[in-house]
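Turn these sequences into a full structure, and let the hints steer you where they fit.
Top to bottom, those sequences are chains A and B.
Following our numbering, the numbering of the first sequence begins with 19 at its first residue and continues without gaps.
Following our numbering, the numbering of the second sequence begins with 5 at its first residue and continues without gaps.
Calculated directly from the structure, the hints in this document are not laboratory data.
From the three backbone atoms N, C-alpha and C, an ideal C-beta is built for every residue, glycine too.
Errors might be hidden in some of the hints.
Cβ pair distances, simulated, as ranges [said to hold, decoys possible]:
| id | chain 1 | residue 1 | chain 2 | residue 2 | range |
| --- | --- | --- | --- | --- | --- |
| 1 | B | Asp241 | A | Asp71 | 53 to 61 Å |
| 2 | B | Val257 | A | Pro47 | 45 to 53 Å |
| 3 | A | Thr96 | B | Cys239 | 48 to 56 Å |
| 4 | B | Lys54 | A | Asn104 | 40 to 48 Å |
| 5 | B | Leu133 | A | Tyr83 | 51 to 59 Å |
The list that follows gives simulated cross-link-like pairs (lysine to any residue, SDA-like), each with its CA atoms no further than 25 Å apart [said to hold, decoys possible]:
| id | chain 1 | residue 1 | chain 2 | residue 2 |
| --- | --- | --- | --- | --- |
| 6 | B | Lys197 | B | Glu256 |
| 7 | B | Lys197 | A | Cys34 |
| 8 | B | Lys197 | A | Asp84 |
| 9 | B | Lys235 | A | Cys34 |
| 10 | B | Lys68 | A | Thr42 |
| 11 | B | Lys61 | A | Ala44 |
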Amino acid sequence: MKEFVPREGVCLVNVCGEYVFVATRAAMPFCPRYQFTNESGAYFWELLKNCGDPDRLAEQASEYYDLPKEEIRPGLETFLNTLVENGFLYVRESEG
Amino acid sequence: MKKDNDFSIRLAGLTLEYSFLDETTPEYFRNFIDMEIKKGTKYGMDEMLKKRISLSKEELDRHKRRYEKNESIHYIEYCELQSKTSDLLLNFGRCIFHCTAFCWNGKAYAFTAPSGTGKTTQYVLWKMLYGDDIRIINGDKPIMEVKPNGEIWLHPSPWNGKEGMGRMESAPLGGLIYLEQSKENKIARMTAKDAILPLYGQFLFSRNTEEEIQKVFAMLEVVINQVPVWKLKNCGDMDSARMCHNAILQAEVEGGRV
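Here's what the structure looks like:
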C-alpha cells in the first residue's frame, strides 16, 4: 500500500492569513525552503500527520467538505503528487 | 567562574554572555561590552540569558571550510556567532535582520534584499542627497525587536558588514524597503502576501527547528501588519533614491505622521 509521509523538518506556518510550507535546515536538501499552499492544503497537511493513505484521506475530506469522495480524489492526488515532486512529502510502500 | 575570554555583551536591551575562543574576537564586540556587568553589578537575569554563547573548536573547524584558506580564526568566530546569537534572541522577540538600517525623522527605515542587490548603494545615495537628515543604525545586520505591545524597533549589532557602517542608536521601525535591481525605477507598496517570503528570507537564524521558524513568522506577521513594506525596483541611481524618499514621505504625510 502506498503511503504519503510528511518530510521530517517541514512545517506549516499560518501568517497573515496565508499558509506556507517551510523547511528547517535538515529538510532543505530535499525540498524548497518555502512554498505557499491554500486552506485545503493546510487541512490535508494536518491529516497527513496521522494518516498517509489517500483513500482514507479522501474519506475524511469527504465528510469534512460534505462532498462525494470521487470529487475529492482527483484534486487530492494532484496535491499529494505535487508535494512528493517538491519533496515536502515522500512515498512509503507499506504492507496491507 | 568567569574566564578572561568571557564577556557580557549588551544587545537590543539584553545582556548576553559570551565565551570567545580567540582572544581577538571580543574586539568586534567592543562597543557592546556591558561595563556594568564587568564591574560586577548584579542584574536579574532570565535563566536562558545565563547560557553562554560560544563556538566550540569542533564547530569552528567545521565552519572554516566555508571561508578563504587564510581567513583569521577571530573573523570566522565573529561571523559564526551571529547565527547563535540570533537563535538565542528569538526567545526574547528579537532576531537579526539582514538589511541596511538608518534613522530618518525619528524612525528607523531599512533597505532589505539578498546580498549584492544594492542595499549599501541605496543608503549611500540617500546620504548624498539628504545628508544629516539620515543616520546609519547598522549597515548589514541590525537586530529587530517586536515588543509585546506590538512596537517594532531596530537596534545596532556588532555585525555591520564589510563597510563597517554602524552607530549606537536604536529607533522604532517606520518602514521596510525591499530592493530589486531593474533597468527602470519604480516603487509600490507590497501586499502582505507578496511581502511574506522575501522578508522571511532576510531573518538570519539557524532554521534548525520548527519552533524557531514559528517564532520568526510570528514576528513577521506583526511587522507586515504594523509598518508599510515597499518594493523599490531600481537601477541604483540618484533618481531611484529621490523616488523612494518622496514616496515614503508622501505616505507619511497622508498618514498624518509628519
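| field | 48 to 56 Å as the expected CB spacing between Cys239 (chain B) and Thr96 (chain A), which holds or is violated | value | violated, 41 Å
| message | Run the distance test for Lys68 (chain B) versus Thr42 (chain A): straight-line Cα separation, threshold 25 Å. | response | holds, 23 Å
| Given the hint that Lys235 (chain B) pairs with Cys34 (chain A), does the C-alpha gap stay at or below 25 Å? | Holds, at about 18 Å.
| task | For the pair we were handed, Lys61 (chain B) and Ala44 (chain A), check the Cα-Cα distance against 25 Å. | result | holds, 22 Å
| How does the Cβ-Cβ distance of Asp241 (chain B) and Asp71 (chain A) compare with 53 to 61 Å: does it lie in that range? | Distance hint for Asp241 (chain B), Asp71 (chain A) holds at roughly 58 Å.
| request: Measure nothing beyond the straight line between the CA atoms of Lys197 (chain B) and Cys34 (chain A); if it is 25 Å or shorter, mark the hint as holding. | output: holds, 7 Å
| query | Okay, Leu133 (chain B) versus Tyr83 (chain A) on CB: inside 51 to 59 Å? | reply | holds, 56 Å
| Assessment of proposed distance window 40 to 48 Å (beta carbons of Lys54 (chain B), Asn104 (chain A)) | With a Cβ separation near 41 Å, Lys54 (chain B) and Asn104 (chain A) satisfy 40 to 48 Å, so the hint holds.
| said: Hint check: Lys197 (chain B) vs Glu256 (chain B), CA-CA at most 25 Å. Holds or violated? | reply: holds, 22 Å
| In this structure, is the beta-carbon distance linking Val257 (chain B) and Pro47 (chain A) contained in 45 to 53 Å? | For Val257 (chain B) and Pro47 (chain A) the Cβ distance comes to about 49 Å; the hint holds.
| request: Verify the proposed pairing of Lys197 (chain B) with Asp84 (chain A), using a straight-line Cα cut of 25 Å. | output: Since the Cα atoms of Lys197 (chain B) and Asp84 (chain A) sit roughly 29 Å apart, the hinted pair is violated (cutoff 25 Å).
Of the numbered hints given earlier, the model fails hints 3 and 8; all others are met.
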